[in-house]
Amino acid sequence: MKDLIIPPLEWTKDMGTPARQGAPVTLTVDGIAITVPAGTSVMRAAAEAGVTIPKLCATDSVEPVGSCRLCMVEIEGMRGTPSSCTTPVAEGMQVQTQTAKLQKLRRGVMELYISDHPLDCLTCAANGDCELQDMAGAVGLREVRYQPVETHFRPREGAGPNPRYIPKDTSNPYFSYDPAKCIVCMRCVRACEEVQGTFALTIEGRGFETRISPAAESFMQSDCVSCGACVQACPTATLIEKSVEAIGTPERSVVTTCAYCGVGCSFEAQMRGEELVRMVPFKGGGANRGHSCVKGRFAYGYATHRDRIVHPMIRERVSDPWREVSWEEALAFTAARLTAARDTHGPDALGVITSSRCTNEETYLVQKLARAVFGTNNTDTCARVCHSPTGYGLKQTFGTSAGTQDFDSVEATDLALVIGANPTDGHPVFASRLRKRLRAGAKLIVLDPRRIDLLETPHLGESWHLPLRPGTNVAVLVAMAHVIVTEGLYDAAFIAARCDAEEWADYAEFVASPDYAPEAVEPLTGVRAETIRAAARAYAAAPNAAIYYGLGVTEHSQGSTTVIAIANLAMMTGNIGRPGVGVNPLRGQNNVQGSCDMGSFPHELPGYRHVADDLARAVFEKAWGVELSSEPGLRIPNMLDAAVAGRFKALYIQGEDILQSDPDTRHVAAGLAAMECVIVQDLFLNETANYAHVFLPGSTFLEKDGTFTNAERRINRVRRVMRPKAGYADWEVTQLLANAMGATWSYTHPSEIMDEIAATTPGFASVSYDLLDARGSVQWPCNEAAPEGSPIMHVDGFVRGKGRFIRTAYLPTEEKTGPRFPLLLTTGRILSQYNVGAQTRRTDNQLWHDEDRLEIHPADAEVRGLREGDWVRLSSRAGETSLRATITDRVSPGVVYTTFHHPDTQANVVTTDNSDWATNCPEYKVTAVQVAASNGPSSWQEEYAAQAAAARRIEAAE
Amino acid sequence: MSQEKLIRMANQIAAFFAVQRGDQAEAVAAHISESWAAPMRAALLTHIAEGGTGLDALVIAAAPQIRPPG
Ligand code: SF4
Ligand code: SF4
Ligand code: SF4
Ligand code: FES
Chain A
14 MKDLIIPPLE WTKDMGTPAR QGAPVTLTVD GIAITVPAGT SVMRAAAEAG VTIPKLCATD
74 SVEPVGSCRL CMVEIEGMRG TPSSCTTPVA EGMQVQTQTA KLQKLRRGVM ELYISDHPLD
134 CLTCAANGDC ELQDMAGAVG LREVRYQPVE THFRPREGAG PNPRYIPKDT SNPYFSYDPA
194 KCIVCMRCVR ACEEVQGTFA LTIEGRGFET RISPAAESFM QSDCVSCGAC VQACPTATLI
254 EKSVEAIGTP ERSVVTTCAY CGVGCSFEAQ MRGEELVRMV PFKGGGANRG HSCVKGRFAY
314 GYATHRDRIV HPMIRERVSD PWREVSWEEA LAFTAARLTA ARDTHGPDAL GVITSSRCTN
374 EETYLVQKLA RAVFGTNNTD TCARVCHSPT GYGLKQTFGT SAGTQDFDSV EATDLALVIG
434 ANPTDGHPVF ASRLRKRLRA GAKLIVLDPR RIDLLETPHL GESWHLPLRP GTNVAVLVAM
494 AHVIVTEGLY DAAFIAARCD AEEWADYAEF VASPDYAPEA VEPLTGVRAE TIRAAARAYA
554 AAPNAAIYYG LGVTEHSQGS TTVIAIANLA MMTGNIGRPG VGVNPLRGQN NVQGSCDMGS
614 FPHELPGYRH VADDLARAVF EKAWGVELSS EPGLRIPNML DAAVAGRFKA LYIQGEDILQ
674 SDPDTRHVAA GLAAMECVIV QDLFLNETAN YAHVFLPGST FLEKDGTFTN AERRINRVRR
734 VMRPKAGYAD WEVTQLLANA MGATWSYTHP SEIMDEIAAT TPGFASVSYD LLDARGSVQW
794 PCNEAAPEGS PIMHVDGFVR GKGRFIRTAY LPTEEKTGPR FPLLLTTGRI LSQYNVGAQT
854 RRTDNQLWHD EDRLEIHPAD AEVRGLREGD WVRLSSRAGE TSLRATITDR VSPGVVYTTF
914 HHPDTQANVV TTDNSDWATN CPEYKVTAVQ VAASNGPSSW QEEYAAQAAA ARRIEAAE
Chain B
30 MSQEKLIRMA NQIAAFFAVQ RGDQAEAVAA HISESWAAPM RAALLTHIAE GGTGLDALVI
90 AAAPQIRPPG
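First to last, the sequence lines map onto chains A and B. First residue of the first sequence: 14, per the numbering used here; consecutive thereafter. First residue of the second sequence: 30, per the numbering used here; consecutive thereafter.
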């Protein structure tokens, strides 16, 4: 199978101009017949025919402008020498790409370029990777006849300084901008506009004086978000990665997957030996189509950060300093403690937490360790704290715990309804793809307490912002449904064909109640009734309307109800089952989808089959050769509760920092402190490790093979490009631990683990590394019924049969404001940092965001006497912390907002133990708080810092 | 797990199903049986046997149909 599929040419080759869709047109290029869609450029048609036309200003990530004229061709019956990048193909066209005339003209063009270019090629960072060099070679340039009087590249001209010379801008930590080398092809400007959608770069001056500018003092002071699209597009060394300047050009390239967010971008890890030179977004990546954000593109320095722990460490008590030991000793110590805990307290006193940052294969092994070796279903994952309501809500309504679309689907969307998500920061590459669509006229509805950046998209068309009070998602969504039902805007044909009629009739009646009229919910939600009505009408009227949502939906006491309300809305308007529509959860971490798929939840075996399901258990009992418990295990908060109660003793945590990421920090700390054996497997001594007895060094995504499954159910390969710094990849460590406890696992490569997953889990039945290597990626379900995978789900019917409408009553959260805590705190993230920040804080991304700030409305700040940058005390009924304030009207009066990327802030000291009714996903997005001026860090922050410093001590080696 | 938390969780589940059609007690029982670990169900059932103070009537009605722990 492997060699039957030839990867499309455009995954690896610059086709010159973007692909088009249209009726087939046949032409000849240098006598070679080729058929391409109408609207394709002659340049691209030639590339498809295998002919490369010289070019400088064109590249296939952006629309052509035809400025360099190097790509001239001769076309039979056409006068002159048209630019092939801007000339569309026509039926029967006959193109000549190389004639004596063309050669002469092209040399002339190149001579002009070269005469204003510093010819320091041998010491240039782009040497060997420069299109200007390549083109000089391609056109046969042998001499430059002009001696320029004026240049852009000489710092001094004649006696004085050269007024045209602009010094190099090195302000961005990851790339430099050297205007002396710029050929003004404007690829960067177009990439920033068309690919990234930021419009940070502008063109200044005209003619010979034309210059590219970030429209600010420097790149760091500009609107630039450091996505790297311009660097990628630049044909010269003008915009270039600092790592290439420092190391040299790469010698090989390995396709792998970003380990940050749930977009799951594909990258080429470009290597020199075992040194990573740069990460370049891969054009063949199904999720990103060649684009990237600052995290995946540049923030990989943590992988080689000096803080990485590369030796196993153990200690008797958490008050002792750490002791570095051999792997054998660490594993023997761990196995002995785990076995003792199991013998004394029973298997249910043990548990594991799998990681949404690790691979599918690793996650699968960790839950297998719990179920098959420990003998308990006590397994949970950090996905609990973000998307567990998605799993529940979508399974109840549609029948699968996953989003319905692929990211390409956004290209067919006429209206995007974005709920509780901040894509430009949380899911940047998706945001760029959405913005492209918004610039092309798609409409936008944002349901969020905060005015997110998406609403500030340049060239945005019609849009609505519904700035609701935190905690009132259900009320607003049901009010939208009310409008759709009472105004008869629903898709009766779709509902009749695809959904349960009785349940629909019931739901229609339920939402039609006057209690849910926009006018009735306005006082609760704070959203003007007309805005809700307008938004509902627009959503129902759009030919293709898609819902994208994030943690602002799930992290509520009514998280699961909100997901159900979203699914109901999509069903009643027929927005399911084709491109451009659907319900799309934006997953926080790279492998949230995968960790859920792989059976991380205590009540579900891999493939979302309940542990009480005898048939499903039988499959795994046969594969694993053990008897399995039919009792659902404990969830993370329940494990901690049980620990405090003395019934839960040992926890193996892979790649998670629950002390920082879970709510109610004090409770988490108390739970961990009550255990006899806490095992942390991670890259760094994270906050949770302060309470651990065993530290097993982890491996980065660069150090292992495996797969990640992104938000669109796409299974992407992760490929090892260097040896694990600690000697073992994470999956190997889990296997060693299992075997130290008496198991006899014998996997020699993660592909064998995937084979076991495929053999036991119906949705993965046809997945194998061979398939992934051949196709690049595949979206589950991938089995006999869908051998090519499933980009879009529920196409001919819902997975569960008939779509199910479920009543969604709005119930106010118990977390209410009052005289003591009059404000509502909600939380979110920022572009440059990732989750608890363990990785990004160890990179230069710190330059963009080095502390968490509290956003507060000017009116609320004024009554408290707060000024910009003041330290404030943030307190709730759970605890208090201090951080600095930023005054902004992005938040409404009565609402404050912060990020949670920095451990010193300890934002989760403030969050409470309220949680989603169905899944116990914590209610991060609503906490009643008070804000007051303060002098600096709180006493808890200081105590914590002292405890952490003590717990991190490592005994000096003898 | 503290009794108070358990009661709050059970009541939250009851509140969702209290507006649904069909046998609400059965739905509450099914949800608890599917997603709660045995010690949690045991604690809840003990609390109900002791009078079930603080619990929604629907939780109490669901008790006989909750999967017995162990
Ligand atoms: S890095 Fe991205 S945002 Fe910054 S200028 Fe380049 S394309 Fe624009
Ligand atoms: S910086 Fe690079 S991409 Fe931009 S105009 Fe100059 S040479 Fe072209
Ligand atoms: S968008 Fe997400 S997956 Fe893509 S590069 Fe950025 S962090 Fe990585
Ligand atoms: S590549 Fe066509 S004009 Fe520059």
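Please keep in mind that the hints were generated in silico from the structure rather than gathered at the bench. Hints should not be assumed to be uniformly reliable.
As the list claims (entries may be wrong) - Facing chain B, from chain A, some residues (calculated, C-beta under 8 Å):
(1) Asp182
(2) Thr183
(3) Pro186
(4) Pro615
(5) Leu641
(6) Thr826
(7) Asp926
Cβ coordinates follow ideal geometry from the N, Cα and C atoms, glycine included.
Quick rundown of the hints versus the structure:
no. : hint   : verdict
1   : Asp182 : 55 Å, violated
2   : Thr183 : 54 Å, violated
3   : Pro186 : 46 Å, violated
4   : Pro615 : 7 Å, holds
5   : Leu641 : 15 Å, violated
6   : Thr826 : 10 Å, violated
7   : Asp926 : 7 Å, holds
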